[in-house]
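Engineer: These protein sequence lines map, in sequence, to chains A and B. Position 209, counted from 1, in the first sequence is what our numbering calls 274; the numbers after and before it change by one each time, with no gaps. Position 300, counted from 1, in the second sequence is what our numbering calls 304; the numbers after and before it change by one each time, with no gaps.
Just so you know, the hints here were simulated from the structure itself, not pulled from any lab data. No residue lacks a Cβ here, since even glycine has one placed at the ideal position from N, Cα and C. There is no bait here: all hints are sound.
The following residues of chain A were derived to be distant from chain B, with all beta-carbon distances above 10 Å:
#1 Gly81
#2 Gly131
#3 Arg132
#4 Ala136
#5 Gln218
#6 Arg233
#7 His251
#8 Thr253
#9 Thr261
#10 Ser295
#11 Arg300
#12 Leu304
If you only want the chain B side, here are some residues facing chain A, beta carbon under 8 Å, derived:
#13 Leu196
#14 Arg198
#15 Ala204
#16 Asp221
Only part of the chain B face toward chain A is listed, based on derived beta-carbon distances under 10 Å:
#17 Ser199
#18 Leu205
#19 Ser207
#20 Pro212
#21 Asp213
#22 Arg216
#23 Val218
#24 Arg224
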Amino acid sequence: MPDSVLSTHELHKAFGALRASEGISIRLLHGEIHAIIGPNGAGKSTLIAQICGSLRPDSGRVTFLGRDVTALPTEARARMGLARTFQTSALAMDQTVMQNVLLGALGASGRPWRFLSRVARDAGLRDTAEAALLETGLQDLARLRTAELSHGQRRQLEVAVALTQAPRAFVMDEPMAGLGAEGSRHLTGFLDRLRTRAPILLVEHDMDAVFALADRITVLVYGRVIATGSVEDIRADPLVRDAYLGDGA
Amino acid sequence: MNREWLLNAALLAGLVVVPGWAVWADEPFTIMLATRAVIFALAAAGLNIALGLGGLVSLGHAVFFGIGGYAMGVLASHAQNYTPLYDGVFTIQGTKSMPVIWLAAAVTSGLAAWLIGVLSLRTSGAYFIMITLAFGQMAYFFAISWPAYGGEDGLSIYVRNGFPGLNTLDPIQFYGLCLAWLCLVLWGYARLRRSPFGLALDSARQVPDRVRAVGLDPRRLQLVALVLSGAVTGLAGALFADLNRFVSPSMLSWQMSGEIIVFVIIGGVARLFGPVAGAVFYVMMEHWLGGISDYWQIFLGLVLLAVVLFGRGGLIGMICGKGRPDA
Ligand SMILES: Nc1ncnc2c1ncn2[C@@H]1O[C@H](COP(=O)(O)OP(=O)(O)OP(=O)(O)O)[C@@H](O)[C@H]1O
Ligand SMILES: [Mg+2]
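Bound-form chain B, shown alone (with noise of 0.2 Å):
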C-alpha cells in the first residue's frame, strides 16, 4: 500500500461522503457539482486510455463526448414525441432506458473513433493532433447545421431517462449511477494496464520499432485503444447529456475537447485517478472562482502552467511522486 493508493482511497471516500453529506443537508446543488465532475472524470478516464496508456494525443474527444450525447437526445426526443428514428425496413423507436441509451452512446462514439483512427493513425506527433482537432470542427458544424435535432439551439430532453429499479430524477440517486460507471471503468483501467493489451500498448508507445520487431503492429494496439477510449468517453457524453437534460453543439466544440484533455493532465496523465482528480479540481475551481470572476479560467491556466512546469504527473504525481512500473 503506497501514498498513491492512499490518495486515490481518499478521492474515492470524497466522491461517497460529500454527496453523501450533501443529501443529509438537502443541498441537491452539490449533488449536482459531484455528479458533473463525476461524468467529467469518465470522460477524461476515457481518454485516459489513448492519452495516458496509449500516448495518443487526440485533441477531438469531444467528438465521443458530443456522440454520446446525442445518442442520448436523438433517441429521447423521438420517444417522447412518440414518431420512430428509423421507419424502413424495419422500425427503430426512441427510447427513454438509459442501458439502451448507454450501449446506443458506446457503440456509435465507439464507431466514430475507430473511423478516425483508421484515418489519423497513420500520423503521429502534432499532424495526429491536428486531424482529430479538424474532426471535431467537423463534428461541430454538422452538429450546427443539422436542424433536425435542434442545430445551434440544441435538444432538450423533459424528463430525465430511467434506469431499472431507480427514480433517476431523485440526484443521488442518478449521482449512484454515475459513479457507479465511473468505479467500473477505473477497475477496467486498473486491469487494462497491467493486462497482454496493456503491455503491447505501453510498449507500441516507448517503442513501436521493437513492437513490430516481436510480430505486432503498434498501429492496431493504438486503433482499439481509441476505440476503448472513445467509447467510454462517448458513454460519459449520454450521461452528462442526462444530467442537464440537454445536448447541444457545444458538448462537440473544440473547447470541450480541450478542457478533456485539462482533466487529464492536471490530474496527472496515466495516473488511475488522475482524471478524477483533474476533473474534481475542475469542477472546484469552476464553481468558487466561477463566483468570484468570470475570468477564472486564468487561474485555471496559472495551475495548468505550474502542473506542467513542476510536475509532469499532475496532482497525483505532485503529491506521490512518480509511478512505478509494475512487473
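Chain A extracted, bound-state conformation (with noise of 0.2 Å):
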C-alpha cells in the first residue's frame, strides 16, 4: 500500500462486554478527505483515540508515514505530525485564543524547556500562531479569553491549533458538531481546500459536509466496519441506507 499516510490494521477493543472495535482496518491516503461515519456509540471516537494513541488496542497495529506507531504514546505520534482535534472542545479556557495556540506551534517547535524568555515574544511561535488564526479568521480574536468564545468560534480553534502542529495528517472528531448551517458551511469550505496540506481522517454526523467533502467513506455499525468506497458507492448501498442513512438519503 504505497500511498497510506496512516492506516489501521485489524484493530480490537472491548469494553467488558462491549465490543467498541472489531477487526477495524482503514487507511487515508494522500490529498483525500476520508470520512468515517456511524450512529451514535458505533466506535468512531474510540477508533480515533486509538489513532491518536490516547487508548491502547487490545490487539492490532496503527501505522503512520510508514512506521508502526502502535506502541508510541500520543505525544510521540503528534510530533511526528499526527494533528487531532477533539470531539469536545479541549482547549485552556481560561487562556487567550493565543496562547492555545501558541501552545500548538510551541509543541510542533519540540522546545518547551525555556523558562525565562517570554513566549509571546518568540518570532518563529508566533508567526505560525497568527497564520494558524490568520487561515481560520480568528485573527481578531486573538486577545480574548478562550472562555469568552462561542461555540463556533472554539470549534475554529480547535482546527487552528491543529494547523500550527506543521500537520502530516489530521485526525477530526466531529469539528461541524453544534456549529449551525453557516458554521457548518464555512467550515466545509475551509477543509475541502486544507485537503491539499495533508490528507484528513473526518469523524462527522453532518451528512451535508460528508458528502461534498469526502473522497471515500467508511461506515462504521457497532465497531465493524460495514462500507467503504466512493459517496456514490455509500448512498447506493442497501446496507448502509438501512443501518444508517434512511430513507431519506
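Taking the hints as your guide, dock the two standalone chains into a single complex.
Structural biologist: Laid out in C-alpha cells, this is it:
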C-alpha cells in the first residue's frame, strides 16, 4: 500500500463485554478526505483514540508515515505530525486564544524547556500561531479569553491549533458538531482547501458536509466496518441505507 | 499598571520600610519577625510554582523545607566540629559558607522532588496529595530516628553561617540576604509564568489531553515544575535553619507542609505576590493573636474559611479581583 499516510490494521478494542472496535482496517491516502460515519456509539471516537494513542488497542496495529506507531505514546505521534481535533473542545479556557495556538506551535517546535524568555515574543512561534489564526479567521479574537468564545469559534480554534502542528495528517472528530448551517458551510469550504496540505480523517455526523467533502467514506456500525467506498457507492449501498442513512438519503 | 501591581509594590515597599524602621528604632525582634515572614514567603513561592502554575497540590513540601534545613545543619555541624562529612575515596568537609550551603540545599531538595515526582505524578487528585503526604511522613520519621544528627532533639548551630562581605550576625544584613532571594525568586516566577515552559505547564494543568496532542508530555512538564518548586522551598529551609540556628524534624512535619500551603491559599494561589501576602499575614497573626491566646489558630482557621468561601483568589484576589491571562 504505497500511498497510505495513516492506516489501521485489524484493530480490536473491547470495554468489558462491549466490543467498540472489531477488526477495523482503514487507510488514509495522500490528498484525500476520508470520512468515518456511523450512528452514535458506533465506536468512531474510540477508533480515533487508538489512532492518536490515547487508547491502547487490545490487538491490531496503527501505521503512520510508514512506521508502526502502535506502541508510541500520543505525544510521539503528534510530534511526527499527527494533528488531532477533539469532539469536545480541549482548550485551555483560562488562556487567551493566542496562547492556545501558541501552545500548538510550541509543541511542534519541540522546545518547551525555556524558562525565562517570553513565549509571546518568540517570533517563530508567533508567526506560526498568527498564520493559523488568520487562516481560521480568528485573528481579531487573539487577545480574548477562550472562555468568552462562542461554541463555533471554539470549534474553529480547535482546527487552528491543529494547523500549527506542522501536520502530516489531520484527524478530526466531529469538527462541525453544533456549528449550525452557516458555520458548517464555512468550515466545509475551509476543510476542502485544507486537504492539499495534509489528508484528513474526518469523523462527522453532518451528512451534507460529508457528501460534499469526502473522497471516500467508511461506515462504522457497532465497532465494525460495514462499507467503504466513494460517496456514490455509499449512497447506493443498501446495507448502509438500512443501518444508518435512513430512506431520506 | 493595575491594582495588583500597586498592591505588590506596596507589599514590597513594606518589606523594605518596616525592617528599615526597626533598625532605626532598634527593634531587632521586628526584624526577626520580618525575616521569618520573608523566608516563609520564599518557601511558599516555591510551592506556588507547583501548586499555582502546575496545579499540583503537594502536601509534602515540608520535605523540601526540611531537607534544606538539614543540608544546612549537617554541613555546618561538621564544620563546627571539624569532622569531615564523608571520608572515603575523597573527602567532603562541612562548611559555614552560605553560598555552598544554599547550593547543597537546592540540589538535595530538588533531587528529592524529582524522586517524589517520578513516583507520585502517575497519580492525580486526592491520590497525589496522599502520596506527597506519605513521603513527608517518611522523611519526618527518618529524621526522628537518625541519631547522628540529633534525632528528635534536632541540631543546633552555634554561629550563623557566613556570606562573603556581609556580617550575617547583624539581623538586618541577614534579612537583606533573605529578601534578595525572595525578590530573585519572584522575578523568576514572573518570567516563568510567561515563558514557553510556563505556557506548556499551565496547559498541562488545564487540558493535559491537548498538551499530549500537540506533542508534549504533561508529566515531564509537571516533574520539572516540581523539581524547581522543591529546590526553592529547600533553599528557604536552609535560610530558616540559619535564622533559628537550629534544625529539627518539626521542619519536616506535615503541619509544616500544611502551613506552607496555607500561606499560598490565604495569599492567593498562582498570584505572584500571593505567597508574600499569605506569609506576612500569617506571621502577623501569629505574633499579635498568639500573644493574646494560644488558640490563635482558631482565628486563622476562620480566615482560611472566609478566603476559601468568598474569594478563590486569596487576599490578593479579594483586593484586586480575578487575574487576567496575558497574551
Ligand atoms: N472508556 C470507555 N469505557 C467503557 N465504554 C466506553 C468507553 N469509551 C467508549 N465506550 C463505549 O464504546 C462505545 C463507542 O463509543 P464512541 O465514543 O467511540 O462512539 P462514537 O461513535 O464516537 O459515538 P458519538 O457519535 O456519540 O460520538 C459506546 O457504547 C461507548 O459507551
Ligand atoms: Mg464520538
